[in-house]
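Residue strings, one per chain:
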Amino acid sequence: MEIIDYTNIRGDNQKVLGVIAEKTKKIGIIAKLELVYDQINAAAEARDIVAFCMLLKEDKDLSFEYIRSITGSDFEDRYEIVYSLYSFANGWSVNIKVKINHDRPEVDSIVGVYKGANWFEREIWEMLGIDIKGHPDLRPLLLVGDEDFHPLRKSFEIKWEEKEYIPTGKFE
Amino acid sequence: MEKGNTEVGYLEGRFKEQNIITLSYNKLMNAARSRSVWYLTFGIACCAIEMMATGASHYDLDRFGMFFRASPRQADLIIISGWITRKYAPVVKRIYEQMAEPKYVVAMGTCAISGGHCYDSYNIIQGVDKVIPVDVYVQGCPPRPEALYKGLLEMKKVINRDTIVVK
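From first to last, the protein sequence lines stand for chains A and B. All the letters of the first sequence, read from the start, carry residue numbers 1 to 172 under our numbering. All the letters of the second sequence, read from the start, carry residue numbers 1001 to 1167 under our numbering.
Warning: the hint list may mix true and false statements.
[As the list claims (entries may be wrong)] Derived DEER-like restraints, expressed as beta-carbon distance ranges:
1. A:D148 - B:A1100: 33 to 41 Å
2. A:S73 - B:R1073: 45 to 53 Å
3. A:E162 - B:I1049: 23 to 31 Å
4. A:D137 - B:K1150: 27 to 35 Å
5. B:E1146 - A:L138: 31 to 39 Å
6. B:C1141 - A:A46: 39 to 47 Å
7. B:R1144 - A:V82: 39 to 47 Å
8. B:K1150 - A:E162: 22 to 30 Å
9. B:Q1098 - A:G116: 57 to 65 Å
10. B:R1063 - A:D148: 46 to 54 Å
11. B:C1118 - A:G145: 37 to 45 Å
Honestly, the hints are just simulated from the structure, not real lab data. The model shown is predicted, which means the values in this text are computed figures rather than measured ones. In this text, a Cβ means the ideal position worked out from N, Cα and C, and glycines have one as well.
My request is simple: use the sequences and hints to build the entire structure.
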């Protein structure tokens, strides 16, 4: 049996970038690719995200089989979600940046592609209030669920006041 | 160690033959109870690290008759060693309710006392005493092991206040 030491594999990112650019062009996904600090950043359209992830995961040359994290930010005129993918087989990683409309924040769920995205998307949903369309299990993850705010939005303000404990009545 | 000098062995070596000692039942019970307080294996946040250090061999809570107990049914004491979030508060309350009477609560560190540096957070309970009654507050961020076992020895006074009829 061949034992591969995955820890020392460093991919040629410029080459991978070329491969991604070629394949996205072929299936009609608009992605602006650039190399920043030896990492591939891909700015994609929000509507393409599922197809893009499917391409990166299923393609045999790329095989990004692992989702490291999904993070979201509020830029006041837009939201941005960053999907961080990694390939254990090749030692490559790519960050997909997606801009979301601030007035109607919604994005497609990629749980169908990456099962590990489930909790990340739940957190983005409750913290930023971005609607995740097609998510199988959209429940509060860290919050109780009776909040009427989204804590990581820029418009959320912390109030300096003595608060009473409001029993949640929930025990799971 | 010299005989008769320690608090625990104060009857040691005083009587040459068999004797009868009379004392109040409360005093006997409280003396026994305050010297074998078993506390719950229950750590929440960074204060739990100090709590573990206090229980471990260097600071050694065992010498006060205190042991970690992994079930709330068998524990006398719960040390709240960290902040309580709104999501976690029902869990703490449930664990407290599972403990058998008489039971005692120590709030360890500023987070458990008042919410600490997360005082104004949307998700933090401002002190565990809003959820369950607290007997002793140990201040610090986190308290040193010395501070914690000082607090636990102070808790003996709380236990000695107890009577059989009224808690």
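The hints, checked one at a time:
{"no.": "1", "hint": "A:D148 - B:A1100: 33 to 41 Å", "verdict": "holds, 40 Å"}
{"no.": "2", "hint": "A:S73 - B:R1073: 45 to 53 Å", "verdict": "holds, 47 Å"}
{"no.": "3", "hint": "A:E162 - B:I1049: 23 to 31 Å", "verdict": "holds, 29 Å"}
{"no.": "4", "hint": "A:D137 - B:K1150: 27 to 35 Å", "verdict": "violated, 48 Å"}
{"no.": "5", "hint": "B:E1146 - A:L138: 31 to 39 Å", "verdict": "violated, 48 Å"}
{"no.": "6", "hint": "B:C1141 - A:A46: 39 to 47 Å", "verdict": "holds, 43 Å"}
{"no.": "7", "hint": "B:R1144 - A:V82: 39 to 47 Å", "verdict": "holds, 41 Å"}
{"no.": "8", "hint": "B:K1150 - A:E162: 22 to 30 Å", "verdict": "holds, 29 Å"}
{"no.": "9", "hint": "B:Q1098 - A:G116: 57 to 65 Å", "verdict": "violated, 35 Å"}
{"no.": "10", "hint": "B:R1063 - A:D148: 46 to 54 Å", "verdict": "holds, 52 Å"}
{"no.": "11", "hint": "B:C1118 - A:G145: 37 to 45 Å", "verdict": "violated, 20 Å"}
Figure legend: structure checked against the earlier numbered hints; hints not met, in rising order: 4, 5, 9 and 11.
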